[in-house]
Amino acid sequence: MKNRIFAILASGLMLSSASAMPTVQAEDRLGYDSLIGKLPSWTPMSFVDAMKFYNKHGKCYLADNYICMVRPIPKNKTDQYGYSISGSMTNVNTPASPGNRIYELEIPEEPDPDDIEAVDEYNFYCDSVGNYSHEQSFFDDYLASDEQYVFDVEMFRVLDGLDLNIMCYEMEGEEYKITDKYSFENHDGTTVQTDIYSWLPDSTKELQDYIYDHGDVSVHDSYVILLSQVNAAAGESLIMRQEGEGAFEEYLTSVCDNFEIFPMDGVSPPAAILYKPTADGKVDIEWRKGFRDDDTENYFFDGKYEIKENCTVIDDRSPFRKGNTVFTFIDKATGNPVYKKYLSGFTGETPDGEQMTSETFQITDNPLTVDSINAYKPGWHYFFYAASKSGCYENPEFEVTGEDNGTVYVTCKVEWQAYGDANADGKLTVADAVILEKWLLGAKDVSPIDWNAMDLCRDCNIDVFDYCLLRQKLIDRKELIAEPEFPVYPTTSAMFRITGDDFNVYSGPGTAYPIVNTWPDGDWLYEMGYNDGNDEWVYTEYNNIRGWVRLISSDDKTANIEWAELAYDKPVIYLYPEEKTDVHVELDLTTSDLATTYPKYNGGWDVTAYPDGSLLNKADGTHHRYLFWDSTNARTAFDLSKGFCVAGSDTEAFLREKLTYMGLSEEEMNEFIVYWLPRMEHNAYNLITFQGDAYTDSAKLDITPSPDSLLRIFMVYMPLENAVDIQPQQLETFERKGFTVVEWGGTELG
Numbered sequence: 037m038k039n040r041i042f043a044i045l046a047s048g049l050m051l052s053s054a055s056a057m058p059t060v061q062a063e064d065r066l067g068y069d070s071l072i073g074k075l076p077s078w079t080p081m082s083f084v085d086a087m088k089f090y091n092k093h094g095k096c097y098l099a100d101n102y103i104c105m106v107r108p109i110p111k112n113k114t115d116q117y118g119y120s121i122s123g124s125m126t127n128v129n130t131p132a133s134p135g136n137r138i139y140e141l142e143i144p145e146e147p148d149p150d151d152i153e154a155v156d157e158y159n160f161y162c163d164s165v166g167n168y169s170h171e172q173s174f175f176d177d178y179l180a181s182d183e184q185y186v187f188d189v190e191m192f193r194v195l196d197g198l199d200l201n202i203m204c205y206e207m208e209g210e211e212y213k214i215t216d217k218y219s220f221e222n223h224d225g226t227t228v229q230t231d232i233y234s235w236l237p238d239s240t241k242e243l244q245d246y247i248y249d250h251g252d253v254s255v256h257d258s259y260v261i262l263l264s265q266v267n268a269a270a271g272e273s274l275i276m277r278q279e280g281e282g283a284f285e286e287y288l289t290s291v292c293d294n295f296e297i298f299p300m301d302g303v304s305p306p307a308a309i310l311y312k313p314t315a316d317g318k319v320d321i322e323w324r325k326g327f328r329d330d331d332t333e334n335y336f337f338d339g340k341y342e343i344k345e346n347c348t349v350i351d352d353r354s355p356f357r358k359g360n361t362v363f364t365f366i367d368k369a370t371g372n373p374v375y376k377k378y379l380s381g382f383t384g385e386t387p388d389g390e391q392m393t394s395e396t397f398q399i400t401d402n403p404l405t406v407d408s409i410n411a412y413k414p415g416w417h418y419f420f421y422a423a424s425k426s427g428c429y430e431n432p433e434f435e436v437t438g439e440d441n442g443t444v445y446v447t448c449k450v451e452w453q454a455y456g457d458a459n460a461d462g463k464l465t466v467a468d469a470v471i472l473e474k475w476l477l478g479a480k481d482v483s484p485i486d487w488n489a490m491d492l493c494r495d496c497n498i499d500v501f502d503y504c505l506l507r508q509k510l511i512d513r514k515e516l517i518a519e520p521e522f523p524v525y526p527t528t529s530a531m532f533r534i535t536g537d538d539f540n541v542y543s544g545p546g547t548a549y550p551i552v553n554t555w556p557d558g559d560w561l562y563e564m565g566y567n568d569g570n571d572e573w574v575y576t577e578y579n580n581i582r583g584w585v586r587l588i589s590s591d592d593k594t595a596n597i598e599w600a601e602l603a604y605d606k607p608v609i610y611l612y613p614e615e616k617t618d619v620h621v622e623l624d625l626t627t628s629d630l631a632t633t634y635p636k637y638n639g640g641w642d643v644t645a646y647p648d649g650s651l652l653n654k655a656d657g658t659h660h661r662y663l664f665w666d667s668t669n670a671r672t673a674f675d676l677s678k679g680f681c682v683a684g685s686d687t688e689a690f691l692r693e694k695l696t697y698m699g700l701s702e703e704e705m706n707e708f709i710v711y712w713l714p715r716m717e718h719n720a721y722n723l724i725t726f727q728g729d730a731y732t733d734s735a736k737l738d739i740t741p742s743p744d745s746l747l748r749i750f751m752v753y754m755p756l757e758n759a760v761d762i763q764p765q766q767l768e769t770f771e772r773k774g775f776t777v778v779e780w781g782g783t784e785l786g
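Every letter in the sequence shown is one number past the one before it in our numbering, and letter 77, counting from 1, is 113.
Just so you know, the hints here were simulated from the structure itself, not pulled from any lab data. Fair warning: there could be bad hints in the mix.
Here are the simulated BS3-like pairs of lysine-lysine, each with C-alpha atoms no more than 30 Å apart in a straight line [claimed, not checked]: (1) K509 / K474; (2) K736 / K606; (3) K616 / K636; (4) K773 / K616; (5) K425 / K509; (6) K95 / K358; (7) K654 / K340; (8) K213 / K312; (9) K74 / K241; (10) K463 / K474; (11) K111 / K217; (12) K606 / K413; (13) K340 / K318; (14) K376 / K217; (15) K474 / K654; (16) K463 / K480; (17) K509 / K694; (18) K368 / K413; (19) K463 / K425; (20) K773 / K358; (21) K509 / K480; (22) K425 / K449; (23) K616 / K593; (24) K111 / K241; (25) K325 / K312; (26) K111 / K74; (27) K694 / K241; (28) K368 / K340.
The task is simple: from the sequences and hints, build the whole structure.
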């Protein structure tokens with residue numbers, strides 16, 4: 037032992053004792069005024085301080101140019117733990133640390149129950165150490181325990197121009213074992229941490245923050261970092277499989293546990309696992325979880341990477357990686373960036389033939405940074421929302437121009453389409469052409485109000501060529517189309533096609549208006565507006581020409597159009613058994629036709645369900661988080677007598693509140709919101725109801741074995757331009773117990 041200590045001292049390291057100091061001495065050395073200056077107010081000064089500090093920051097924390105080292109150690113082994121330091125900071129005649137301090141758990145006396153203030157203080161202290169029952173037996177059991185811990189706290193500093201290395205050690209027999217290494221530098225008056233723990237989490241709070249910023253799997257400093265909780269105490273293990281020319285190996289595991297006075301048995305803490313590259317090339321990695329007594333492996337995460345430059349660079353190509361997309365919007369005609377005032381947002385929709393999904397983005401700046409690395413999806417259809425009364429941008433052409441770790445750069449070229457509204461009255465009429473004509477001829481008493489609306493040639497000049505294009509616009513539009521009193525945002529639930537004898541499109545809601553077009557048989561159209569009290573005409577658009585279509589044929593008896601029927605959109609079924617269970621699920625639809633299912637529905641689903649909700653489809657061995665189905669041709673009579681009228685901008689907050697109240701978990705609620713929010717938040721208002729018997733009687737579930745608790749949430753909503761009064765719906769809460777089944781879905785009413 038003496039030789040070992042002498043060797044360390046001779047090599048220039050300094051050991052700090054881990055023995056507890058007397059209280060007075062400790063206060064002299066570790067009060068806020070210490071040998072290394074006035075310590076910051078966040079310095080841990082008690083067991084509770086240190087416990088909270090450790091659970092938030094881990095073993096090492098740097099702030100205000102001070103370094104705080106905190107760790108729990110067994111009370112009966114304090115002399116076997118310590119810190120050693122090296123670096124230029126140890127070569128100056130100024131201490132790097134005032135020494136360490138050992139904090140023991142303070143055992144309170146049980147208060148007089150009649151002393152309210154003392155009881156409140158006692159309860160507050162109990163809560164701070166995890167004794168939420170406030171029982172004195174908690175402390176009695178601790179005193180009787182063989183596993184009592186204290187917190188070892190030591191503060192360090194690094195002077196300007198110097199560096200410091202800190203190593204945590206513990207004794208194993210007669211030998212020292214270095215458990216952690218930390219390094220710090222101060223070149224310009226600010227101390228910075230230079231070791232891997234400057235970014236690698238080692239506490240639960242840091243782990244949660246890292247996941248929020250970077251996701252569960254990410255690339256950092258030429259490492260792949262996986263944030264995972266594998267319950268090794270219960271026999272669970274993490275399996276990594278990799279395929280390709282490149283290769284990784286596990287390098288380091290940073291355990292991110294919370295300190296608890298009485299830790300839970302059989303539960304392993306989460307950890308951050310680092311993998312370092314060992315061979316250049318492309319490599320696909322898949323992580324799965326499995327148990328010793330079960331051959332089934334549950335999918336966890338996957339990643340796609342390319343290792344380059346002798347294992348010093350990792351390009352992350354994983355589909356679900358965290359990152360940003362930077363859109364730059366360019367005017368095709370001028371080649372200049374588009375002024376953001378002319379664009380309010382854009383929406384992308386899945387290609388024809390695929391299940392309808394859309395994403396909408398608000399344009400707040402140009403370039404625009406979107407918090408998703410996959411915001412642009414090649415092959416999707418995109419259209420823009422106008423933010424100007426002068427015109428709009430159309431016909432976008434996207435091009436990915438670059439990519440680095442965490443950011444994809446996309447250039448979008450768009451064409452300006454001026455409205456031609458010279459008098460800025462919100463309409464394109466012959467009056468606009470008259471104003472422009474007079475102005476071009478030199479009339480003194482007339483001038484266009486909106487110059488941008490008149491630059492149809494997009495050459496920054498107003499001339500006869502713009503006048504010719506304006507005249508053509510009026511010819512194409514048959515001069516004027518009557519606008520509806522109540523515009524409607526086009527949705528799939530407000531689609532129709534002409535099936536009667538009048539295929540004409542009129543410029544207004546009546547046969548006295550001029551015919552502006554004739555539309556072919558069978559094409560589906562969107563309802564885009566109507567007039568109050570007129571149930572015989574509908575306003576719509578086809579091939580960029582808008583107009584009015586009759587609802588009743590020329591015989592004034594039979595229908596002239598056929599409305600698209602409603603659909604049940606994305607009902608999904610989650611199964612949560614208490615133990616691994618074989619489950620059979622059948623669906624009986626009475627007012628709609630089953631359309632799409634995943635996994636495939638063959639007279640029912642037969643799956644093996646696990647307590648975490650993961651499913652193994654017996655038919656093909658695939659893994660799923662839920663059972664998906666939807667239906668078409670819905671003929672359900674939904675109950676809209678009670679519900680909620682919610683502003684589109686308040687939709688997210690409303691859904692979070694109600695779905696949480698009704699019993700969805702955070703993961704289930706997030707999936708619900710991700711699917712429905714893009715359809716709803718851009719409406720002025722939404723009339724929202726949650727259906728009961730009207731839905732469950734028309735979509736019956738038969739589950740074997742029968743669940744102990746069943747939650748079925750089916751939302752029906754209708755986009756509105758104006759708010760309406762409706763009797764609030766009384767919702768019920770849900771308690772999960774035993775074998776729990778959860779389902780959610782919904783539909784939109786036109």
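Against the structure, the hints:
no., hint, verdict
1, K509 / K474, "holds (18 Å)"
2, K736 / K606, "holds (16 Å)"
3, K616 / K636, "holds (22 Å)"
4, K773 / K616, "holds (16 Å)"
5, K425 / K509, "holds (17 Å)"
6, K95 / K358, "holds (27 Å)"
7, K654 / K340, "holds (28 Å)"
8, K213 / K312, "holds (24 Å)"
9, K74 / K241, "holds (27 Å)"
10, K463 / K474, "holds (19 Å)"
11, K111 / K217, "holds (23 Å)"
12, K606 / K413, "holds (21 Å)"
13, K340 / K318, "holds (8 Å)"
14, K376 / K217, "violated (50 Å)"
15, K474 / K654, "violated (77 Å)"
16, K463 / K480, "holds (24 Å)"
17, K509 / K694, "violated (48 Å)"
18, K368 / K413, "holds (21 Å)"
19, K463 / K425, "holds (10 Å)"
20, K773 / K358, "violated (35 Å)"
21, K509 / K480, "holds (26 Å)"
22, K425 / K449, "holds (20 Å)"
23, K616 / K593, "violated (61 Å)"
24, K111 / K241, "holds (25 Å)"
25, K325 / K312, "holds (21 Å)"
26, K111 / K74, "holds (29 Å)"
27, K694 / K241, "holds (28 Å)"
28, K368 / K340, "violated (35 Å)"
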